[in-house]
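Taken in sequence, the protein lines are chains A and B.
Each residue of the first sequence is one higher than the one before, counting from 289 in our numbering.
Each residue of the second sequence is one higher than the one before, counting from 38 in our numbering.
No wet-lab data here; the hints were simulated from the structure.
Mixed in with the good hints there might be a few duds.
The list that follows gives simulated cross-link-like pairs (lysine-lysine, DSBU-like), each with its CA atoms no further than 35 Å apart [unchecked claim]:
hint	chain 1	residue 1	chain 2	residue 2
1	B	K105	B	K90
2	B	K92	A	K366
3	B	K105	B	K91
4	A	K366	A	K356
5	A	K312	B	K90
6	B	K90	A	K366
7	B	K91	A	K366
8	A	K312	B	K133
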Amino acid sequence: DAGVIQSPRHEVTEMGQEVTLRCKPISGHDYLFWYRQTMMRGLELLIYFNNNVPIDDSGMPEDRFSAKMPNASFSTLKIQPSEPRDSAVYFCASSYFYNEQFFGPGTRLTVL
Amino acid sequence: KNEVEQSPQNLTAQEGEFITINCSYSVGISALHWLQQHPGGGIVSLFMLSSGKKKHGRLIATINIQEKHSSLHITASHPRDSAVYICAAIREGNEKLTFGTGTRLTIIP
């Protein structure tokens with residue numbers, strides 16, 4: 289298996305633009321997580337899904353952020369409109385049941 | 038106060054030294070992750086444990102549930118072990134990870 293795949297790896301956009309981050313979990317995994325990492329706050333959980341259903345989105349910073357998982361092999365994290373304070377590395381991770389999580393390579397987002 | 042605390046924040050050691058990184062947590066957990074993040078940014082899960090001890094190569098992780106404490110040990114440290122090590126607690130009742138602030142380890146040849 290190729291592991292967790294994220295795209296794009298780098299994204300530079302201007303304030304106010306819509307940003308969509310994509311994630312393909314490991315086949316067979318039933319949990320998918322979205323994390324954000326910044327220098328100031330470290331790693332934070334944004335939202336996680338179980339069997340494509342959002343379980344906990346309490347970490348989503350505000351209504352500008354939304355996440356979907358239309359099927360078991362694909363998830364998106366959308367920011368609309370983007371702001372400079374959204375600049376961070378966004379990681380997707382997946383796991384099977386209550387086992388260890390496997391992380392994707394991350395998307396480095398810069399909002400100018 | 039963070040729910041997951043790590044110490045030390047930074048650690049520099051000579052190649053070959055025995056390394057210990059500590060993690061304490063204040064919430065009820067079902068398991069604890071140790072993660073490694075290299076300067077390139079990728080995150081790798083080293084261990085997930087809920088009791089006792091696990092060993093993989095030169096890495097050993099222990100956890101004491103009663104004392105709410107875990108340690109990561111590296112024997113015969115090598116410059117390639119230089120990375121940020123992060124402990125993350127899996128809260129009881131769900132799959133949420135609560136992260137420590139990380140320990141930046143530098144091994145000098």
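Status of the hints after comparison with the structure:
1. For the given pair, B:K105 sits about 14 Å from B:K90 by alpha-carbon distance, which is consistent with the 35 Å threshold.
2. A distance of roughly 39 Å separates the Cα atoms of B:K92 and A:K366; the hinted pair therefore is violated under the 35 Å criterion.
3. A C-alpha spacing of about 17 Å is found between B:K105 and B:K91, which places the hinted pair at or below 35 Å, so the restraint holds.
4. Proximity of A:K366 to A:K356 is assessed by CA-CA distance (about 9 Å); at most 35 Å being required, the pair is judged to hold.
5. Between the alpha carbons of A:K312 and B:K90 the distance comes to roughly 32 Å, so the proposed pair stays at or under 35 Å and holds.
6. Annotation: proposed proximity of B:K90 to A:K366 is violated, straight-line Cα distance about 40 Å (limit 35 Å).
7. Between the alpha carbons of B:K91 and A:K366 the distance comes to roughly 38 Å, so the proposed pair goes past 35 Å and is violated.
8. About 20 Å separates the Cα atoms of A:K312 and B:K133, which keeps this hinted pair within 35 Å; it holds.
The structure fails to meet hints 2, 6 and 7 from the earlier list, while all remaining hints are met.
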